[in-house]
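Engineer: Given next are the chains, with one letter for each unit.
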Amino acid sequence: MMMTDSYTPVLSIKHLDHFFGQGEQRKQALFDINLEINAGEIVIMTGPSGSGKTTLLTLIGGLRSVQSGSLKFLGQELCGATSKQLVKIRRQAGYIFQAHNLHGSLTALHNVRMGLEIHPQYSVKKMEEMATHILQEVGLGNRLNHYPDNLSGGQKQRVAIARALVNHPQLLLADEPTAALDSKSGRDVVTLMQRLAKEQGCTILLVTHDNRILDVADRTVYMEDGILKSNQLAPTK
Amino acid sequence: MIKVLQQLQRRTPLGWLQLTHHKSRLFVAISGIAFADVLMFMQLGFQASLFDSNTRIRRALNADIVLVSPKAKNTQNLSTFARRRLYQAMDVPGVESAHGFYSQTINWKNPQTRQDNPLQLIGFDPNYPAFNLPEVNQQLDEIKIPDVVLFDRKSRGDYDQVITQVSENNWVSTEAEGRKITVKGLFSLGASFGTDGILITSDQNFLMLFPRRDAGSVSLGLIQVEPEADSVIVAEALRSHLPEDVEVMTIAEFIEDEQKYWQEESPIGFIFTLGTAMAFIVGVVIVYQILSTDVSAHIQEYATFKAMGYRHRYLLAIVFEEAIILAFLGFLPGFILPIGLYYGAAKATSLPIQMTLIRAITVLILTMIMCIISGAIATQKLQSADPADMF
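Protein chains in written order, with my numbering: chain A, 1223 to 1459; chain B, 2 to 392.
Just so you know, not all the hints are guaranteed correct.
What the hints assert, rightly or not - In the BS3-like style, the derived pairs of lysine-lysine whose C-alpha atoms are separated by at most 30 Å in a straight line are:
| no. | chain 1 | residue 1 | chain 2 | residue 2 |
| --- | --- | --- | --- | --- |
| 1 | B | K4 | A | K1306 |
| 2 | B | K74 | B | K261 |
| 3 | B | K382 | A | K1306 |
Don't read these hints as lab results, they were simulated from the structure.
Pulled out of the complex, with its shape left as it was, chain A reads as follows (with noise of 0.2 Å):
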């Protein structure tokens, strides 16, 4: 807000709470958060676990939603959005779980092609043409009609890739994506959402344990018990 108008941050988190369970129960998990993503960035957040990261990435997906605070995506505020409003931000963000997450008895093409079935513009032919591209893109151009259990860890994830991406969406959210991988293929993930999201401009907020990644991130963000500890530009770059 210092700077001009001209510039909208993707994502602007001002003040945020967030509490799990009632009454005596009642448990704060996140306190005071304050975080904005400028378009195009990639930001790495890092903590040990039970720090409230998933919690956070949840809350900017519209998985969950937001009790108090301001959290703005796109310039709409999630505080307070109905159950529609919420399905729609879903369908602007690309999600990458810890596991793949893919559907056993699709294959790797129906799987991306179920990213664009929400989305009632795209013909079928289009939605075809535009999954086996993308599958391209990520490698997978010779494995288009493969079932998930045809596929290895890192084949599979570079699927799950593909699906979030497919779409172009303006916000990618990646939880873990290489906690299951091996260094060699979480690597090759990595630097694969890295390249794709800077060919559509889109923006990705990327939690992780993997140390071996950061360099990849323009900014990392360390979170412990709740709370954003620093907020600090990739020395890197």
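Given the structure of chain A, go ahead and fit chain B onto it with the hints provided.
Structural biologist: Showing chain B alone in chain A's frame:
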């Protein structure tokens, strides 16, 4: 409407893909539903054959109006009333003729096995055919001869040699009620739940076999109305003309009365209804198991879909899609198998059991309802498909 169709066209048939991806699981599911369908078909088939076989004698009667004792329960328990009611009936305008009909269970010795077997013996005046059965009416001259009877070739029991012999004009003699009787002809009516088979003879022969039975007490009165008379109106007139000790029914009411007895008063009709209901419930449980297992197996994928922006109703649609697919797939073997089973059951019991279109449609609809109920219960499991809790 067009928009909905377009949406359907671009929608991935996830239910179908999920079901067909696990072939062995699908096979078990289809078997389970087919099993429930076969059970329903058998119960409904037996029930229909109960009504069909037991009303068969009444449907074959050559009468417009029937007089019967109010104490009558079914065709095998007709009780009796005074024959003079028939003469009184003749006074009513519109009545053309009224004839007595005698019926009683008789123990006869099966000529083939020499065992005593109960059959239903029917006697009537051979000059006035009591049945609309051409085969019987052609042989009325035979039963005018003393101690000659006609035998129902569709009777239940070991009668194949008897039937072959009689059809080759080798008469078969045996004993019944201490008299020697001769089978000189055959006809077809069929066994029922009430009797193993039927013997037809003249009223004179009937009374000779049952000497203690009074010729003046008849089991039924068969009334023909004049060609231009309306049997409903004549029946009404008869009701007001005749005393309370005899009941007047048109032939349609008389057939209905038999069906009502087996449906409501006899325990058998209820047992088949109950059996069908049980099969239905078994089906609901089986399909519920299949669908809820499937939901549990895909709960992570469903939660992922929700995180991607799919609504809850999309997941509901998958479950119901599966339910309907299973209903149809399970119905196919569930429909084909009973055709063979009916054939076997009809042979074993001498009862008329066949597949009918109406029953097939009934069971298909029941299967659909069964699967949709199971689907509705299984959708409760979808509540746990919450991406915020899962990841």
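Engineer: Indicate, hint by hint, whether the structure satisfies it.
Structural biologist: Do the hints match the structure? See the list:
Our distance criterion of 30 Å between C-alpha atoms is met by K4 of chain B and K1306 of chain A, whose separation comes to about 21 Å. Between K74 of chain B and K261 of chain B the alpha-carbon distance is near 10 Å, which keeps this suggested pair within the 30 Å criterion. Of the pairs offered as hints, the one joining K382 of chain B and K1306 of chain A holds, with about 22 Å between alpha carbons and a cut-off of 30 Å not exceeded.
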